Amino acid sequence: MELTTTWYLVLSASMFSIGATGLLVRRNPLVMFMCVELMLNAVNISFVAFGSDLNDVGGQIAVFFVLVVAAVEVVVGLALVVAITRRRADATADDLSVLRG
Amino acid sequence: MSEEIVFIISAVIVLVGALGVVLSRNPVHSALFLIQTLMGVALLFLIEDAHFLAAVQVVVYAGAIVILFLFVIMLLGVDKAEELGIDPIGGQRELALVVGASIAALTIVTVGWSVDGATGSAPASAENALDNGLTDIERIGRVLFTDYAFGFEITAALLTIAVIGAVVLTRSIRREDVLADLEPASLELPSLAPAGANDEDTPHDGDSGNSGAEVSSEGNRES
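Those sequence lines, one after another, are chains U and B.
Residues 1 to 101 in this note's numbering are what the first sequence lists, from first letter to last.
Residues 1 to 223 in this note's numbering are what the second sequence lists, from first letter to last.
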């Protein structure tokens, strides 16, 4: 058996699916953000795998930008969670229906 | 052969961590499992000769992002276990599992069997090639500050905006503002209803549905 790009892609697809399922199943906003991180990391794995398959550093550059966007997303998302929890303690994603106009 | 062994070990680490994130009842345990997964991903980057990204993965993700998660969990005191058994929206969990299994089946079949290697062209220039003799950091630095210089600048703007947004969202609010926000019925809205429309025995008609909504929302707040 030889380590090919397909191995990385299958691992990435499994990890992405676990993250997506978790995002749909869990109701704690913090855990939902962690599941988003899982999905982003799964995509990062396939970026690097494709990059080394094509002998191009562009895959690693893409991972770099994804990393920055993930950090930004976490900062703003956690600020939102803090702001919401300050008003309504013990909020879950279902309670955010109060956001309707 | 050693590469395959390292890959399998790190794949097990990654998948166990991912399942742990989803299945843990306690958010703190989820965050710790997330660290495990991110370390496994860093291992995978090392196998693929992306040494700089492996280091950044550990420093930025495990060192900053997960710690930020843990800070917020501890700050909010929401480290209570979530009851995974109850399903507040009927059938939502079953539907989610079906959708997740469909995503898994589709993506794994697509990348595992239907695609015969990556599509695309050869590297755009010798600078971009992975085997041009430069070190990893040098190669990324050269490409990042030439081809992707504009995107890099936009990244700086994005980070600044995020910091400002976080400060705006979490700044402490004066007490009276909080009260005004929490009790919309206490706001004076003289133009919406004629005098006496707020009396309890007045039948609701037409546009006085507004005041009814206010009353019910006030009831929600107090409960």
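Since the hints were derived computationally from the structure, they do not count as laboratory data.
One thing to keep in mind: the hints can contain errors.
To be verified - Computed footprint of chain U on chain B; a stretch qualifies when at least three of its residues, placed anywhere within it, have a C-beta under 8 Å from a C-beta of chain U: (1) 1–7; (2) 66–77; (3) 102–110.
Remember, it's a predicted structure, so these values are computed and weren't measured experimentally.
Even for Gly, the Cβ is constructed at its ideal location relative to N, Cα and C.
How the hints compare with the structure:
Interface restraint, the segment 1–7 of chain B with chain U: holds (3 residues with C-beta to C-beta distance below 8 Å; minimum three). Using a Cβ-Cβ cut-off of 8 Å, 6 residues of the segment 66–77 of chain B lie near chain U, which meets the minimum of three, so the contact claim holds. Look at the segment 102–110 of chain B against chain U: 5 of its residues bring a Cβ nearer than 8 Å to a Cβ of that chain, three or more, so the hint holds.
Hint violations for this structure: none, all hints satisfied.
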